[in-house]
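Chains as they are written, first to last, in the working numbering: chain A, 26 to 185; chain B, 2 to 461; chain C, 111 to 263; chain D, -16 to 168.
Worth flagging that the hints you see were computed from the coordinates, not collected in a lab. There are no misleading hints in this set.
Selected chain B positions facing chain C (in silico; Cβ < 7 Å): (1) Thr28; (2) Gly83; (3) Gln85; (4) His86; (5) Gly101; (6) Thr261; (7) Ala297; (8) Asp315; (9) Val316; (10) Val318; (11) Thr320; (12) Ala329; (13) Phe332.
No residue lacks a Cβ here, since even glycine has one placed at the ideal position from N, Cα and C.
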Amino acid sequence: MTPATVSPVPGGVSTGQDVVFASVDRYHETVSAHKTDGFAMLADLTAVDYLVHPGRTLPDGVVPERFEVVANLLSLSAARRLRVRVQVPENAAVIASLWDLYPGAEAMEREVFDMFGIRFTGHPDLTRILMPEDWEGYPLRKDYGIGRVPVQFKESPGPR
Amino acid sequence: MTADRTPGAEEPPRVDLTTQEGLIGETEEGGQQLLPRPQTAPGELARERGSVLRLPEDTPAGDPSDIDLEAPDDETMIINFGPQHPSTHGVLRLMMELDGETVLRTKPVIGYLHTGMEKTGEELTYQQGATNVTRMDYLSPLTNELVFSMAAEALLGIEIPPRAVWIRMLLAEMQRVASHLMWLATNGMDLGSTTMMIFGFREREMVLGFFEKTTGVRMNHNFIRPGGTAADLPDGWEDDVLVIIDTIDARLEDYDQLLTGQPIFRERTEGVGALTAEEALALSATGPILRSTGIAWDLRRTMPYLKYDELDFDVIVGTYGDNFDRYAIRFNEVRESIKIIRQVLDRMPAGDYRVQDKKVTPPPRARIDESMEALIHHFKIFTEGFKVPEGEVYTAIESPRGEIACYMVSDGSAKPYRMHIRGPSFVNMQSLPVMLRGGLVADAIATTSSVDPVMGESDR
Amino acid sequence: MDQYLPIVVLLVLGFLFAALSIVASALLAPRKRPTTAKLAPYECGIVPDREPPQRFPVRFYLVAMIFIIFDIEIVFLYPWAVIFRSLRTFGLIEVVVFAVIVFVSFLYLVSNGALDWGPAKSLRPALSDERRTTQSTIARVGPEAGPPTGRAA
Amino acid sequence: MGLEDLQHNFLTGRLEDLVKWSRRNSVWPVTFGLACCAIEMMAVGTADYDISRFGMEVFRASPRQADLMIVAGRVSQKMAPVLRQVYDQMMEPKWVISMGVCASTGGMFNNYAIVQGVDQIVPVDVYAPGCPPSPETLLHTILTLHEKIRTGEITQRRSAAAARSRQIPGWTPERPDDVRVATPR
Chain A
26 MTPATVSPVP GGVSTGQDVV FASVDRYHET VSAHKTDGFA MLADLTAVDY LVHPGRTLPD
86 GVVPERFEVV ANLLSLSAAR RLRVRVQVPE NAAVIASLWD LYPGAEAMER EVFDMFGIRF
146 TGHPDLTRIL MPEDWEGYPL RKDYGIGRVP VQFKESPGPR
Chain B
2 MTADRTPGAE EPPRVDLTTQ EGLIGETEEG GQQLLPRPQT APGELARERG SVLRLPEDTP
62 AGDPSDIDLE APDDETMIIN FGPQHPSTHG VLRLMMELDG ETVLRTKPVI GYLHTGMEKT
122 GEELTYQQGA TNVTRMDYLS PLTNELVFSM AAEALLGIEI PPRAVWIRML LAEMQRVASH
182 LMWLATNGMD LGSTTMMIFG FREREMVLGF FEKTTGVRMN HNFIRPGGTA ADLPDGWEDD
242 VLVIIDTIDA RLEDYDQLLT GQPIFRERTE GVGALTAEEA LALSATGPIL RSTGIAWDLR
302 RTMPYLKYDE LDFDVIVGTY GDNFDRYAIR FNEVRESIKI IRQVLDRMPA GDYRVQDKKV
362 TPPPRARIDE SMEALIHHFK IFTEGFKVPE GEVYTAIESP RGEIACYMVS DGSAKPYRMH
422 IRGPSFVNMQ SLPVMLRGGL VADAIATTSS VDPVMGESDR
Chain C
111 MDQYLPIVVL LVLGFLFAAL SIVASALLAP RKRPTTAKLA PYECGIVPDR EPPQRFPVRF
171 YLVAMIFIIF DIEIVFLYPW AVIFRSLRTF GLIEVVVFAV IVFVSFLYLV SNGALDWGPA
231 KSLRPALSDE RRTTQSTIAR VGPEAGPPTG RAA
Chain D
-16 MGLEDLQHNF LTGRLEDLVK WSRRNSVWPV TFGLACCAIE MMAVGTADYD ISRFGMEVFR
44 ASPRQADLMI VAGRVSQKMA PVLRQVYDQM MEPKWVISMG VCASTGGMFN NYAIVQGVDQ
104 IVPVDVYAPG CPPSPETLLH TILTLHEKIR TGEITQRRSA AAARSRQIPG WTPERPDDVR
164 VATPR
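Chain A on its own, in the form it takes in the complex (with noise of 0.2 Å):
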């Protein structure tokens, strides 16, 4: 299923779809592999923040990180969707665009920096995209609070 050349490790299927994690410098020979593979469209690009969570089912070769950058790839002739899973650590949280193989990327990939605050080298316009361009933080992270106004009547700053 994936070219030989590219070494990313399988990772079986999850409901239905092909599931591949690569690291995160094969991630874009990984997707330029797969997109002459036959998937011409990226579908979705997004991240996950992994800081709560550590203990996630991963197969053995991958090394839990705290972000996760997720890219649905989706083959239009062959109608099957791959996603690629890639762990990316929270110091160096920096990947590589896909804005040259797929200039829909740009968008989403100005989203997950806006939301997660993962850099992506080689993308032309790398801005906030749904924040306000002065606002402070990463809305999406696990440690960034929801910012609920506590509600008059219930003085319990607890859950809903």
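Assemble chains B, C and D onto chain A, guided by the hints.
Quick look at chains B, C and D alone, frame taken from chain A:
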């Protein structure tokens, strides 16, 4: 700002909003805006000019006979097709550089309706999650709920009873009819035909009437929940649906005559906002935009979910990829949805409308009084919510605007660990710079309306 | 004197209407000190930070000139319209000649492109000439077709 | 001298009623549709629930020609200054309807992204409950506004004292300092 604040911790200056000079707000978005050409990176400049297929830096964007992109800076004008604008379908801010009336380059600035729904999604249990998700794409709320529920069920690994599947398909297709009618209304209004606005909303009210009868509310239903639906269809629903689809089917001829018959409408949509198949694929556009370029990609057909593989319907595909094709596609998709609804009408099975697994769906209200066990289940589900085994899933379905998908990660607790919704409008809107290049400002209105962006789902 | 009475009445009425509306708004308008936001140009809700461009492309002025041509033409038609009945056919021929002369100048303007505002490069793909309907340029892919074999997939 | 300096006596009574009647029956809303409530606001504008029966025939796009701002939908932090700018550019006398719970109190989105109640940015006249308020609710809100115009002061719509008296003693509305609306300059 991050921690919860106790009320009145420090006395904020109580600004009296009525009588003073008016608060000058900061609407400056710096890097997110369209900067003058010298300050924009070449890659971004090519992107804004709509040359999507990565041309080497030195070749001029598009073919040389193209518009004069090198007009000197002081001759061109950067305008805000701003957040508060009648024809941007919500709070989309399109910044455009114009040479007179011709659009040179465009940059959509979004985020004016960012509601932090993905963060809120991590705070709500699976049982409550549908209420949050249903407010994303407010023209087809049931489609959001469907994709969220299917993701939760995929993680749970449960099979929902056949009647629930068919009810979901019926509601999804009725929602598609309502959404396309709403699009026809606003597209007609944007291009000057207010009668189409009245027609479109009049028919849509009938569909909303049926939704109100079935789910209790006109919008934001929270009716499709993990495990099936919240309630059964009201009895006598067959003739309600029959009346609705027969009236709409008959009235489609008037809309066809009203819009296609108008030379102004045709003049403003034929050949305007053209997109080629390679550009649509490169920009990950889906839905009517992708189909208008000639690629027959409709998830209901190519990657069927629920019971769409047992239904007979056509996927409508365009040829030129311009506004008129997208109008024709949506127009005929209403007919296809009506054809599907007729098949669902006579093949709706009887039986349960939600799965009987006591851990997932609450017991019927009546049984709570009699059996202690039912009361315990009811209490547990509504206070703590049901636990979903650990894992991650990406389910995608065909919403009226394109592929809406839910990437859900669960850590075994009762709340999703990460709930990301792939909004079709968020991605389709990125193809605007390509479609608007070289057109007039009036064409920008027609093309933005033909992309049918819903800001709730693109800003999430 | 009676010939000029209607003109005088018209002038007085015009003046009165103008004066009345200015005085009324000065008298009745609430708070007179407009805030800085209210004086700022309306840019769809965005606080304008750049001053609006001064130079406008020449096409805008061309359209204004065309308007002036026809405006003057109408001004000349007014006196003609008052007495055209007594001029009989001579008056008719005279006004037709006048109109033709003005129209020639309009044709000249249109010929060298004052009115075609269309995009320099017509992005309209090669449209077949027959009239497009909601059925003509779409294809229906039924259940029997295999995976999408669209041109570029 | 202006309308606001009018003394309240029997001579000016009829004039006030006339002015209030004319204002009440031609309130033109500015299109400020944000989210789901905007769809219901549009539904109110069309044939089934027709607000032009109440003189609101047309939704003006530019604030210069509008009297009423219906804040229809949730107001995000990025949208707050834009909302304030459009409100400032509206002509006097102007009113604000906060349509839906998201505009009125932040609704179900009590998080970092939504301004918890539009009354922290603009003075609000009538709050419409519901999520989204059904068209009938919006019509009821509009009639309440008309009633308020009919019985209210001509121009001293909301003097500062009136706004403060309505507050519950001992509770100061928490106004997050990050509402990106700078203090006036």
